[in-house]
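I would like the entire structure built from these sequences, with the hints used as guidance.
Residues in the sequence shown are numbered consecutively from 31, following this note's numbering.
Calculated from the structure, these hints are not laboratory results. Be careful, since some hints might not be right.
The calculated DSS-like cross-link candidates involving lysine-lysine, where the alpha carbons are at most 30 angstroms apart (straight line), are [said to hold, decoys possible]: (1) Lys242 to Lys163; (2) Lys163 to Lys225; (3) Lys163 to Lys240; (4) Lys157 to Lys243.
As the structure is a computational prediction, the values presented were derived from the model and not from experiment.
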Amino acid sequence: MEFSRLHHRYILFMLVGALATVIFLFALPKDRLIAFANMRQDYIKGHWYYDRLFRDPRPIDVAFIGTSHTNGDIKDGLVERLLRERYGRKLHVANLGLPEHGRNLHHMVARDLFETKSPRLLVLEVKAYESRKSHHLYGRLARVDDIIRPAAAINPSVFRDVLSGLRWQLEQFVLPESLPKYSSLPDYGFHNNDKGVRLTAAEMEKQVEKRKKVAVESYLGDRWDAIEFMFPRHYVSKIVEMARSRDTRIAFIYLPYFGAPPTPRDYERYLQVGDVWLPPPRIMDDPGYWKDFGHLNTWGAVELAPWVASQVDRAQEP
Numbered sequence: 031m032e033f034s035r036l037h038h039r040y041i042l043f044m045l046v047g048a049l050a051t052v053i054f055l056f057a058l059p060k061d062r063l064i065a066f067a068n069m070r071q072d073y074i075k076g077h078w079y080y081d082r083l084f085r086d087p088r089p090i091d092v093a094f095i096g097t098s099h100t101n102g103d104i105k106d107g108l109v110e111r112l113l114r115e116r117y118g119r120k121l122h123v124a125n126l127g128l129p130e131h132g133r134n135l136h137h138m139v140a141r142d143l144f145e146t147k148s149p150r151l152l153v154l155e156v157k158a159y160e161s162r163k164s165h166h167l168y169g170r171l172a173r174v175d176d177i178i179r180p181a182a183a184i185n186p187s188v189f190r191d192v193l194s195g196l197r198w199q200l201e202q203f204v205l206p207e208s209l210p211k212y213s214s215l216p217d218y219g220f221h222n223n224d225k226g227v228r229l230t231a232a233e234m235e236k237q238v239e240k241r242k243k244v245a246v247e248s249y250l251g252d253r254w255d256a257i258e259f260m261f262p263r264h265y266v267s268k269i270v271e272m273a274r275s276r277d278t279r280i281a282f283i284y285l286p287y288f289g290a291p292p293t294p295r296d297y298e299r300y301l302q303v304g305d306v307w308l309p310p311p312r313i314m315d316d317p318g319y320w321k322d323f324g325h326l327n328t329w330g331a332v333e334l335a336p337w338v339a340s341q342v343d344r345a346q347e348p
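Put into structure tokens, the structure is as follows:
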């Protein structure tokens, strides 16, 4: 009996200690500059992102938010120049796209944007169907209160997000302080490392067939659609609410994989709150403008820019 009582006390002590440790770690100040600036490879623009929003005094009039499709498809510097030269509009354009799926990260980006800038237009990337994923770097990049506050939607990765958030709270104190200087950063966020790739029709067909074997548009079917896609739709709604509260116009740009349906699965939902931009088929259906089945190459981004500029110009009309 005495051993059992001691055993229970020990378990209680360990649980209380674990909880106190978690609370202590999350109470530590989070250095988001370190979190962004130490990212590498596909996320090398992390430092640019932080500086453009939090330290660069230039305004952002038009912001693009999305995944690697936005990151490498929207050549913001060229779009800005075309708006000035062709339409006489002096607008500051920023590509805030970051690789990988995760609407919770897009919500984080939108909030960073609205807390630091006053955009006229927010363009949110959409795909053929919404991703049900939480972004794998959300625990590292998001604010602590967002990580520990439960979302009003089903997040299958909630424990991973919390654990990665805890890990980052420790890692940020051991990372190097030698960050790039502000003056060395580029002016725009477009990032496409295609290395001169232009796919042939045969190469594209092989990639598309490979994708079909692993991609699943819906696991639960139409009957459970509202549950399966609750998480991404919840965050899209929150982004729309933020834009409306600040009188910012919102539009959705369709940047799908090669050979995707002509309109996204949630097309009617998007139309209820903003315009949906459908890129020209002459670009999206030409394998020569793609570096893989999911991303345009630099030539594709250059070809797409005039159309993007025309859509931005139209969105400025009353």
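Violated constraints from the hint list, given by number and in increasing order = none
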